[in-house]
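Novice: Each chain, written out:
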Amino acid sequence: MAEQWIKPYGDTQDDGRVQLSFTLPVPLDEVSKEGARRLALAMGLDEPAVVHAEDMGQGFSFYVLYGQSKHRIDLSTIQVAKPEFEVLDKDGVNALIAEKMGRKMVVVGACIETDAHTVGIDAIMNMKGYNGHKGLESYHEVRAINMGAQVDSEELVARAIEEQADVILVSQVVTQKNIHLDNLTRLSDILEAEGMRERIILVVGGPRISHELAKELGYDAGFGPKSYAEDVASFAINEWIKRKAA
Amino acid sequence: MAEQWIKPYGDTQDDGRVQLSFTLPVPLDEVSKEGARRLALAMGLDEPAVVHAEDMGQGFSFYVLYGQSKHRIDLSTIQVAKPEFEVLDKDGVNALIAEKMGRKMVVVGACIETDAHTVGIDAIMNMKGYNGHKGLESYHEVRAINMGAQVDSEELVARAIEEQADVILVSQVVTQKNIHLDNLTRLSDILEAEGMRERIILVVGGPRISHELAKELGYDAGFGPKSYAEDVASFAINEWIKRKAA
Amino acid sequence: MAHLQLDQARIDRARDSARRIAGRVFDDMDRSTTTTVERATLRLMGVDGVDENQVPLPNRVVDHLLERGLLNRGAALAVAAAMNEQGWTAQQVAEAVAAGRLVLDGGDDTAARNTADALAAQSCEHIATQRAQRAALIGNSGEAPQPWLYLIVATGNIYEDIKQARAAAEQGADIVAVIRSTGQSLLDYVPYGATTEGFGGTYATQENFRLMRAALDEVGAKVGRYIRLTNYCSGLCMPEIAAMGAIERLDMMLNDSMYGIIFRDINMQRTFIDQFFSRMINGYAGIIINTGEDNYLTTADAVDAAHTVLASQMINEQFAYLSGLVPEQMGLGHAFEINPELENGFLWELAHAQLVRQVFPEASLKYMPPTKHMTGNIFKGHVQDALFNMVSTVTKQNIHLLGMMTEAIHTPFIQDRFLAIQNARYVFGTMRDLHSEIEFKSGGLIEQRAQAVLAETESMLAEIKRTATGGKGLDGVIAKAPGYYNPFPKRMLQGGARHG
Amino acid sequence: MAHLQLDQARIDRARDSARRIAGRVFDDMDRSTTTTVERATLRLMGVDGVDENQVPLPNRVVDHLLERGLLNRGAALAVAAAMNEQGWTAQQVAEAVAAGRLVLDGGDDTAARNTADALAAQSCEHIATQRAQRAALIGNSGEAPQPWLYLIVATGNIYEDIKQARAAAEQGADIVAVIRSTGQSLLDYVPYGATTEGFGGTYATQENFRLMRAALDEVGAKVGRYIRLTNYCSGLCMPEIAAMGAIERLDMMLNDSMYGIIFRDINMQRTFIDQFFSRMINGYAGIIINTGEDNYLTTADAVDAAHTVLASQMINEQFAYLSGLVPEQMGLGHAFEINPELENGFLWELAHAQLVRQVFPEASLKYMPPTKHMTGNIFKGHVQDALFNMVSTVTKQNIHLLGMMTEAIHTPFIQDRFLAIQNARYVFGTMRDLHSEIEFKSGGLIEQRAQAVLAETESMLAEIKRTATGGKGLDGVIAKAPGYYNPFPKRMLQGGARHG
Ligand code: B12
Ligand code: B12
Ligand SMILES: Cc1ncc(COP(=O)(O)O)c(C=O)c1O
Ligand SMILES: Cc1ncc(COP(=O)(O)O)c(C=O)c1O
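Residue numbers (the numbering used here), protein chains in the order written: chain A, 1 to 246; chain B, 1 to 246; chain C, 1 to 500; chain D, 1 to 500.
With the rest of the complex left out, here is chain A (with noise of 0.2 Å):
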């Protein structure tokens, strides 16, 4: 592939224009100012312009700079993980369970550990969907069951080993000090444990998941903001499909 090499613009190509702003813990004075300046010359920005500067009152300082990136990055290098299938509308989606599985597909979904943020999985679950996408609750052909919030991890896998689950839907919407990675990690786990993790699809979501992200957590896949419930009922049949051909 050509190579696509790009900058960030501000009105000319390649002028590398970015906009920074940050905290410094000392008080402001001319030489946290010159502090702040160095530190966007560490990043790599040319001319780095502290273009405001104000004390904030107890040992901190704010500071908005803007400054021109030397740093380039060649697009045509990145390949960006992405589960691969194709996106199906709900008619399609049952018709391909109705014709491969011949039964109806089992999802139970839960927002795990100690993430009580639902809306995110009632978007894909709940009858009534989501900025008109329909949920999950809706496809005849799944059996959907939305555990809801603060779900412990084994409190999930019990209730998927019971229900005979094709597919597990996890979210996970609060970040803070990368707890989301300890409760997913934890959850693979289990399942890994309960000697499940072969036979389950296991997916993950929230605003802050990437497919990589959830990848590298050994989930099957990981959907982001603006995912909808057919997003992830073509992901899952499809994987199935996939897994029984094999």
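Since the hints were made in silico from the structure, they are not lab data.
Any given hint could turn out to be false.
Here are a few chain C residues that face chain A, going by a calculated C-beta distance under 8 Å [what the hints assert, rightly or not]:
#1 156
#2 157
#3 196
#4 200
#5 303
#6 415
Note that the Cβ used here is the ideal one computed from N, Cα and C, for glycine as well.
With chain A fixed as given, assemble chains B, C and D with the ligands onto it according to the hints.
Specialist: Leaving out everything else, chains B, C and D with the ligands in the frame of chain A:
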């Protein structure tokens, strides 16, 4: 001096959090989003997150990122160039001029070349001053001549010669494409050519001017935002005394 | 002045329905106590500390009584009896129980009652002193004009929180809320000591309360403004947190009669019983309670569900009266959550905020910023927050939670808070008297909208009948036995902010 | 509806004073012409291009006539006479003059007049076609509702400008202004061709106009909205730029009767004469002129100097009528420049904006964003811009210059513009009908403020007497000789937007 390493601060000492935004000259897709993330990585930001990505039309896309700066700066090593003098008030300046010079100090000021932003030089020179700080015209030991906007460097120098000026004050506000650097260099070259550079105290000011920059350009001092007449006047009389002694 | 024509008879009818609903719940719930109510009672009587497994002593004693089938007569009597018997303090009794050195039995004699009463009197005395101390500090350093700027800190580490809270106060915060660690609401005990490891917030512990209180008193003196402290009085330990807050002089508590049921799947009975007890404590301690109606709008649409907010506020108001609170202590919640893409959304927002203002003219309304429709676009978010600030000043809200431009991203960085305060101060200042300079068109869209929401509220309240069981914490609900005794209500329900 | 009680008699008296002032200036100025008026005349007659030193041919011809003392009879006749003599086009005549191959002499015979008239007719025909084309394009693709979003591009390079202008239009811009390079206003000639090297802006050249016009027509068709183009019709070449704009179908021009005098130290007579001629062209071409009162507030305080804005608008209005413009073509300027730290500043801003709206109900008011009080704090700046957006929609302004959060830092980056549009769209949408839903308190602070500004304006205008000479460009002012002839006024003053 004891080392004083600092990093940006988000909500915990040394977490290094910074906010970043920029445009890329490509439409939004998964690859460009990853490209944005890699740029942040290249800048030395750990765990960069593209928290917002939006297509802008016409082949541009906009990104907001947060990440954790790896870089840190030892503030104890930073020496900020500063003009060294004690800032006196108006009466103090007048008294010192009267005592040491025994005549009025002559100051010629202008906003040079294509720059027409006179508010800054007016703030320093006009009777009324700025933010409650009276301007040089109100100093009875200063003869202040404000030539206004878009004054050619030649014209300014001619006037300085004519008036036997002790000090030249230049204002530069427009900095696009570094035009201020060209203009300032031009003025100092002309002074040099006229053999006047040694005799005159040459001062520049403006929102993007620092003392450091002024020194680099061969000026005697530079004044940035929030400078007032007493700052410049104190510097000027101090410098005059120093030169006299030398 | 910004003012809407509203049908007062409709407001009165809605309020009557709410009074009826709250009264019925109170009568039902008065027949039971809960483990955490009893633990709170013990805390007020001076029991504190943890055992070698970090289990709080109040839990150890209450569990002990529960095991022995004695909790239904109240923990106060059993402990007081043991105190009399042994000549110990309540704390010594608790330690002995935890160490297995002492087994409690019933003890309902007058001597035990007297001891319990004496301890309660002492405890109330301490809380009254804190109340007086608050008044004195406000007298000395003054307090901010309303809307008060309310800021959260949520680092997970009480010492970082303190740093940020001080900075926030210097920058202009009037109220500091320490956000609680994710998941604490479902812990059936209160963690102990100073903590540095929370997720999305810092554990609510008595020591953390104390540390933050001291820091805010100090910075308050410096900035010449009493800085209010708030925390979450909800979840499975609601009354205990109320007790801790009263002891450590918190000034506000997030304390809703239904939040736990709706958002934390906590059993209804448990919630209501805990509510009454904790509100009573808050009421007595002169603490403002903030209710959580704003949360409804994070899951429902803010236009469709506007009447549910008003209905809940009316019920919270009646519950509050039953627990002895005065209107100024009612921080009824609502929120600026209308979709920014909705045409004329700002008008509807004005209508809702003004409606609430007029229905509860004396309450300390708590107005929450946009959260749901905030995105990673921090620049647009900052403007959403500015319009929120504007509605707040135009409709004269009291407790103003600052919106953070990074709402959709992370718990606030120090600069987020700094910029949020600048935003609010700018808007409040530049529009200082706007509220008294504009009028809403009579019969116009804004007024019509407010009237419609009021009408929907009235019918909703008229229809509410009875409610179900289920949810977490039901095992902690204990039917009171005859002879059940708790020394606090009779003291707390008559004093407090109402009279002093 | 947002409406103020104002004293109509006072408005009428102020307007009478302004009419008197403008009329007197017109009478005085009608006795002279200027070098640039004559160059503009030549341009309209078809003279274009530059010599080997990049000096425009209109300058060469006019300088030639000036040297020979012939300019006071008008360039049109001299060139027309030569055309007749040689059987050449005007362009050929100019080229020959520039090459030193031809010397012009007087030539005031009827034949020369006829030729000049014929060329003028042709030129007016072309401009009328452009006007019709504009109407047709608006008919096809439609146009945006007001306030129109006005955005600037200022890269210095016309090709970058085009990129950014397209992107801006896709994002929602209704008007694109190409900012002019620093210093162009003091050039006594118009640069030639496509340019890529400006400072703080891009040179105004006819080719740049053409390139941008084509790009905007294209993107306008794509987005289904006619995108208006604007530039600066001011400085020492004001009438020539008007001519170029009329030829290339610009839609708006920054064209103030006093800006050059006050802000560029241009000679008064020169400015006024150039003004009349350029306004006449703009008027005929159906171009909206934007006046520069907003600039006053960048050097003076916006509260103290509010009446100077209104006074100048009234004078600009009268000058415009004298040049044949209709009210819809008057983009009278004002600006949101009150210090954000001023208590109730937003109220005064509302008062000023609404006052202007009511005094000029049919004008296309141009409302400028905060600039002077913008700082490097882009976050706060974005909120200042949001409040500006709000005042604009509440007071129903027409031409809305978008505020940039980076105003104090650099000419706009593409993302600054993008975010500015989002800001305005959000505010305009969420407050769509607010203007008709709120009322200003009768006799309140806002109304009082508006009345005070009006009163000050009236007395200021009543006192204006006569004005001085001095400043740049006086050498280009030439007293007309008897027999002076210019073929354009009689055509342009009767047609244009007024009748067609
Ligand atoms: C609503 C909300 C709440 C509500 C939740 C109500 C509920 N029942 O869900 C309440 C008020 C209870 C709440 C509480 C808290 N919250 Co909250 N909350 C939010 C808020 C405002 C909106 C979240 C939301 O509903 N988004 C809308 C949904 C549709 O988006 P989504 O979740 O991204 O889902 C989409 C995709 O991600 C994807 N998706 C999501 N899950 C899944 C799963 C699968 C399988 C798939 C395929 C796809 C998928 O598809 C969805 C549709 O496209 C955000 C801020 C914000 N604006 O984002 C904060 C936010 C998420 N909360 C936060 C915090 C910290 C908390 C608290 C911990 C604060 C506290 N200490 O009190 C508490 C405790 C909650 C807990 N224990 O988890 C932080 C998280 C910070 C971080 N990055 O770690 C945020 C970002 C706010 C902030 N800046 O502080 N919160
Ligand atoms: C007012 C203004 C104007 C007015 C100027 C009126 C006048 N008579 O000065 C008008 C409307 C005419 C104008 C026009 C233009 N402007 Co202008 N203007 C501004 C604005 C809004 C404010 C500047 C100001 O007055 N600041 C207040 C003064 C007091 O601050 P200051 O200059 O920094 O001065 C202080 C210190 O710096 C220092 N100081 C300054 N000079 C000196 C000198 C000495 C000796 C000392 C000791 C100290 C000192 O002391 C002062 C007091 O503390 C800024 C945006 C902004 N908010 O900053 C844009 C801005 C400066 N303008 C800009 C531009 C591009 C232009 C134009 C070129 C645009 C165009 N193409 O039309 C034109 C052309 C002007 C020209 N030829 O130079 C850009 C510059 C971009 C850049 N970084 O290069 C800015 C930043 C706006 C923008 N974002 O595009 N402008
Ligand atoms: C009334 C109330 N209680 C508690 C909380 C906090 O939730 P948690 O139960 O997770 O501490 C909120 C959050 O907004 C609330 O409004
Ligand atoms: C009427 C008018 N003309 C011209 C300009 C631009 O200035 P310059 O003369 O530098 O092109 C402005 C700037 O705002 C203006 O308002």
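Novice: Evaluate each hint against the coordinates.
Specialist: Going down the list of hints, with the structure as the test:
1. 156: holds (7 Å)
2. 157: violated (10 Å)
3. 196: violated (11 Å)
4. 200: holds (5 Å)
5. 303: violated (16 Å)
6. 415: Residue 415 of chain C check passes; min Cβ-Cβ to chain A is 5 Å, inside 8 Å.
In this structure, the hints that do not hold are numbers 2, 3, 5, in rising order.
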